[in-house]
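Each chain, written out:
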Amino acid sequence: MTSLIKWGAPAAVVAACVGYLIFTASGGTGEYYITVSELRSHAPAGDVRVAGVIHNDVQKSVGGLHVTFTEKDSTSSMPVEYSGALPDIFQPGITVVAEGKLGSDGVFHARTLLAKCPSRFATQPYTQ
Amino acid sequence: MILGYLGAGALLAGLVLAGFSMLLSFWSGARESAVFVQVGRRAFYAAAAMVGVAAILLETALLTHDFSLAYVAEHSDLSTPIALVAAGFYGGQEGSLLYWTLILAVLGSASLLASARLGERLAAYAAGIMAAILTFFLFVLAVVASPFELLPITPPDGLGLNPILRDGGMLIHPPVVLAGFASFAIPFAFAAAALLAGRADAGWIRHTRRFALLAWSLQTSGLLLGMWWAYHVLGWGGYWGWDPVENVALMPWLATTAYLHSSQVQEHRGRMRAWNFGLVILAFLLVIFGTFIVRSGVVPSVHTFAISAIGPWFLGFLGLCLVFSAVLLAVRAERLNAAPLPAAPLVSREGAFVLQNLLLLGVVAVVLWGTVLPLVSGMFGTQRVVGAPYYERGAGPLLVALLALMAAGPLLPWRGAGMPTLRALRWPAGAAVLSLLGLAVFGVRSVPALVAFPLAAAAAATAISEYGRAVLRRPRVILRRRRRYGAYLAHVGLVVAAVGIAASQLGQQEKDVTLQPGQQVTVAGYTLTYAGAESRDLEDHTELVATMRFGDQSLEPGRATYALLGGQGLTHVAISTTAWADVYVVLVASSEDGSASFRVLVNPLVSWIWAGGIVIILGVLLGNAGEPSPASELARRRVPITLPA
Amino acid sequence: MAIIVATLLLFLAGPFVLWPLIRTPEDAEIERSSAGVARRPPRHTGG
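Chains as they are written, first to last, in my numbering: chain A, 10 to 137; chain B, 443 to 1087; chain C, 12 to 58.
Since the hints were made in silico from the structure, they are not lab data.
Every residue gets a Cβ at the ideal spot worked out from N, C-alpha and C, and that includes glycine.
Accuracy of the hints is not assured; some may be wrong.
[Stated by the list, open to error] Which bits of chain B does chain A cover? Going by a derived footprint, with three or more residues having C-beta under 8 Å, they are:
#1 652-660
#2 824-833
#3 1027-1033
[What the hints assert, rightly or not] Residues on chain A that point at chain B, a partial pick, calculated with CB under 10 Å:
#4 A20
#5 V22
#6 L30
#7 I43
#8 F99
#9 D114
#10 G115
#11 A124
All chains should be modelled from the sequences, with the hints used to inform the complete structure.
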């Protein structure tokens, strides 16, 4: 048994396992990352992540644990509803990524809300 | 203003010196001209001094509130506490690059000083490679993203630090992680120099390993600090989000973990050289790749990074390093193949290290794919992203397999397993069976738990049994073989941390609830009573603080509002930590009717993560403090490790 | 302006960097003895 087969076979087995894991893991759990306009024009099946800016019509209820707002990008907007704790910097004007599904009622039901962390590295040009 | 000019000048001088060092070092190394090798080295030290000067100037500008510098105005203001002003040095794009370059220059100088006697040509090539990396960073700093940019008019006050960064974690976590990233360049330079020169002796290899260990330790600390900061400050109840920023810090760490282990095969049996060179080079390439990914904005991340000008430069540098490394490995490949000792059977310590390498590389592949998927998929259609479930399902089984390897590997002899091995394996096997029974008795039914915890117990049992064996027969060997027993201690620490991670992932419970004063909430058997809330006025913000009674403790989760920053809010989490679980309370909001909304989480065994992390670092320190001199090391080993000249 | 500063700094760094080239053999002797290399003590001849 040559050295190549002796060491190559286990390596191939491990590589195959890793490939299999990657394939199965990403197949079921991958989501589309799209903008509001894209969601409006053709919504993909399953969960998606939608990035947009929060409009200034935020309404909270249930002691702050439920919120509805409009998320928009340059051309379209959509209503979002979410239950749970909000990210700290959640306020109109910030970019937020909503993860969830567009319901038949036209409202996006978000499972998770991710707000972009305040930029550590963004060079905001200093304005007067 | 003058600080700006001085700083820009220092960076420019440093750039010239680094470029000069690079050219001269390569030339003099090829010629083996001792005098010019020394000149090249001195140019590197001088470049490092220039970086030091620039760093001092930037810190001075920050501490004196010199708002004529754009960087100072953008990352501090007059009301920021002085410690955080100082930390602004590494808080922004340009400053963090300068900090990185400073670490690179200082560590590089130290490594050159320590290696000056180990071989003229090798030392020269290593200097040349490190100077090349330094030249690139100084170029970016001097030309593309300068921390010393001046504003046309000096403003009276700065923009200040974002509230989420106004925390002790900000002081510690970034500099450690950045130092970790920077330090991977050193072992890369030494390994590439050895390949370039076609020679590497034992002293050189130990030198490389020592600096790889330093980089690994820094990165371990940085990762742990980051997890601690995310958990205690960011308030979402977790410590790891598989965000690109986290992933790019993890991948070089995984590659270096593999290297630190498989380098032992090179030391003991003179084999796996190609693996080791490849792993060290891979770690550095992953660092540069990671820097490109997170500073260019090409993949979505919760950490905002401006699509800045430095992205393309890092991509170009990555391409350069890739080509250089690939050519080097290809051309020198045949020199790496001569093995003084024949291969061991598969079931041996050598085999275990090969399997370890494969598994760790597998984890790197899983994480890498998840990180670049948005970029790749975006190029061919709609952008796709993956979340935590992908990483858990993809990497989880591999990590569990690694746990099993940690249980069996240390007990396998070099030349192949036999009866004594089977007898030694009874300890981990017994520990696994006992814990499996224990879990079953407690009603645990989750398959991941039933697999992970017994294997963790087995891995711990192996390490402890090795200590036990040593204590019973020859306690002195623990001191003499410090590296090995320090590593066993680190293994124990890793197992403890792994158990903490598994428990807090698998056993987390949470509840969202709105309470009136006096009402209670119970999560996972822990009961909290809401006592009331009050508003407090502080220096730069107002804070709404709720009081939750938990047993005889008072937890005070709060929400801070920074009026000066447009009413931006910040959560202050309240955590009650015991050895068994953390009770984690977030104040979501309060209403005029006196009620308040909370998210309450119970995270089991989180403190084990931090404790385990400390034990890992302890094991590494104890195992490697005061290394024996190269001469005595060489005498101990009977195996020649020199590459053919 | 930055270029002027850089040039000044390079002039300052110059001697340090180029020292191995510009030192005389005597300087090299002094360096070697201070590094602790064992040497035979100079012989004292009579007178």
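Satisfaction of the A:F99 interface hint, Cβ to chain B closer than 10 Å: holds, 8 Å
Check of the segment 1027-1033 of chain B against chain A for coverage (Cβ-Cβ below 8 Å, three residues minimum): holds (count 5)
Hint validity - A:I43 Cβ closer than 10 Å to any chain B Cβ: holds, 6 Å
Hint check, A:L30 versus chain B [nearest Cβ-Cβ separation less than 10 Å]: holds, 5 Å
Cut-off 10 Å, beta-carbon criterion: hint that A:V22 touches chain B: Given a least distance of 9 Å, the restraint on A:V22 holds.
Proposed interface contact between A:A124 and chain B, which counts if any beta carbon pair is under 10 Å: holds, 7 Å
Per-residue hint verdict: A:A20, partner chain B, C-beta under 10 Å: holds, 6 Å
Given coverage of the segment 652-660 of chain B by chain A, checked by CB-CB distance under 8 Å (3 or more): Per the Cβ count (0), the hint is violated.
Check of the segment 824-833 of chain B against chain A for coverage (Cβ-Cβ below 8 Å, three residues minimum): Holds: 9 residues of the segment 824-833 of chain B have a Cβ under 8 Å from chain A.
Evaluation of the interface hint that places A:G115 against chain B, nearest CB under 10 Å: Hint on A:G115: violated, closest Cβ of chain B at ~21 Å, above 10 Å.
Interface hint for A:D114, Cβ within 10 Å of any Cβ on chain B: violated, 23 Å
Violated hints for the displayed structure, listed by number in ascending order: 1, 9, 10.
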